[in-house]
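Asks: What follows is the residue order along each chain.
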Amino acid sequence: EAGVVQSPRYKIIEKKQPVAFWCNPISGHNTLYWYLQNLGQGPELLIRYENEEAVDDSQLPKDRFSAERLKGVDSTLKIQPAELGDSAVYLCASSFGSGGTDTQYFGPGTRLTVL
Amino acid sequence: AQSVTQLDSQVPVFEEAPVELRCNYSSSVSVYLFWYVQYPNQGLQLLLKYLSGSTLVESINGFEAEFNKSQTSFHLRKPSVHISDTAEYFCAVSENTGGFKTIFGAGTRLFVKA
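Chains as they are written, first to last, in my numbering: chain A, 19 to 133; chain B, 6 to 119.
In isolation and in its complexed conformation, chain B is listed as follows:
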């Protein structure tokens, strides 16, 4: 059965520090991987996604994630966070089980402190 595990429910970090939000998944077939972000009082929106090709994908606001097939991970990183990065981050996995289904992790709340 497919599952997505976000290992940290909350990550507090100081502004300008690096951060890594961890995501592991279980699947027996090829998958597509996503990170969605939910800013306070807003809906979820796509941050970045891995479909194929280079295992390192980047977002426009400095986040990056690397697909590691052997470790079934898709960790999200940013070398220097801003206050405005405070949000909840959801890792999601889509696999073909006779029709695609997307499974979301429980989310990681990133709190950036001044």
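In isolation and in its complexed conformation, chain A is listed as follows:
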């Protein structure tokens, strides 16, 4: 069974440029998460989807970040425009359910460097 797939693995851009990250969750997993991980820190939730509905986007900086999960399968996270402080690893995870007991399965992440 394939795990969570993310692309690209690495991205280097100039500040003020747009950037997009793609995630394909494990087949059959209804819940999808986007996390931000800064160096030396744990993952911090940006947005959580249950199927195609964003049920928790309270930590998503909506002035520059957007996300979508059309058809409730794969998802895209976008930053426009990127700032220097956005340099981090962006993690995607998925789980079968949305309850607190569910194990989350993580992708390898996308390392973003903003110059």
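Hints listed in this document are in silico derivations from the structure and should not be mistaken for laboratory results. Built from N, CA and C at the ideal position, the CB exists for glycine as well. Hints should not be assumed to be uniformly reliable.
[As the list claims (entries may be wrong)] Only pairs whose alpha carbons sit at most 25 Å apart, straight line, appear in this in silico PhoX-like list of lysine-lysine: (1) A:K80 - B:K106; (2) B:K54 - B:K106; (3) A:K96 - A:K34; (4) A:K29 - A:K96; (5) A:K80 - A:K29; (6) A:K96 - A:K80; (7) B:K54 - A:K96; (8) B:K106 - A:K89; (9) A:K96 - A:K33.
[To be verified] From the derived model, a few chain B residues whose C-beta atoms are all more than 12 Å from chain A: (10) V18; (11) E21; (12) E25; (13) R27; (14) S33; (15) Y37; (16) G67; (17) N73; (18) S75; (19) H80; (20) S85.
Here the structure of chain A is known, so what remains is to put chain B in place on it, guided by the hints.
Replies: Relative to chain A, chain B alone:
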């Protein structure tokens, strides 16, 4: 507000020695507790979790963690570590705040030396 504190950012230890990675949390409601591990160049993966029942939970590779409600802790232990245990370990807590949210600690880097 919920928080997760991993008291050690780095833990160096010699092979075959015991190790304890500490995790404390703050919450006013019932929680579920997790340890995730991230091996070099890999994504996070579940090591073990406490949902209910016995407060001592074990992983398949010899780690164990004990839920201590009075001390709000969920420390991870292994009696004898291997070189292959070198990784970053994240403690995570999930609580129902009108919908479950998982909070991760900052991580503890375990470095096993020969």
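Asks: Compare the distance between the alpha carbons of K96 (chain A) and K33 (chain A) with 25 Å, and conclude whether the hinted pair is satisfied.
Replies: Holds, at about 14 Å.
Asks: Is the Cβ of E25 (chain B) farther than 12 Å from every Cβ of chain A?
Replies: Fine: 19 Å to the nearest Cβ keeps E25 (chain B) off the interface.
Asks: Is the Cα-Cα distance between K80 (chain A) and K29 (chain A) 25 Å or less?
Replies: With a Cα-Cα distance of about 21 Å, the restraint between K80 (chain A) and K29 (chain A) holds, given a limit of 25 Å.
Asks: Measuring Cβ to Cβ, find out whether R27 (chain B) lies farther than 12 Å from everything in chain A.
Replies: Its Cβ never comes within 12 Å of chain A, the nearest being 15 Å, so this holds.
Asks: Determine whether the non-interface label on S33 (chain B) survives the test: each CB of chain A must be over 12 Å from its CB.
Replies: Given a closest Cβ separation of 15 Å, the condition holds.
Asks: Just double-check N73 (chain B) for me: nearest Cβ-Cβ distance to chain A has to come out over 12 Å.
Replies: 19 Å, holds
Asks: Checking one constraint from the list: CA of K54 (chain B) to CA of K106 (chain B), max 25 Å. Satisfied?
Replies: 15 Å, holds
Asks: Does H80 (chain B) really sit off the interface, with its C-beta more than 12 Å from all C-beta atoms of chain A?
Replies: About 17 Å separates H80 (chain B) from the closest Cβ of chain A, which puts it past 12 Å; holds.
Asks: According to the definition I'm using, a residue is off the interface if its beta carbon is farther than 12 Å from all beta carbons of the partner; does V18 (chain B) meet that for chain A?
Replies: The claim stands: V18 (chain B) keeps its Cβ more than 12 Å from every Cβ of chain A (closest is about 20 Å).
Asks: Are the Cα atoms of K96 (chain A) and K34 (chain A) separated by 25 Å or less?
Replies: 13 Å, holds
Asks: Just to be careful, I want the Cα atoms of K54 (chain B) and K96 (chain A) compared with a cutoff of 25 Å; is the pair within it?
Replies: 32 Å, violated
Asks: Holds or violated: K106 (chain B) and K89 (chain A), Cα atoms, limit 25 Å.
Replies: 23 Å, holds
Violation of the numbered hints given earlier is confined to hints 7, 15; the remaining hints are satisfied by the structure.
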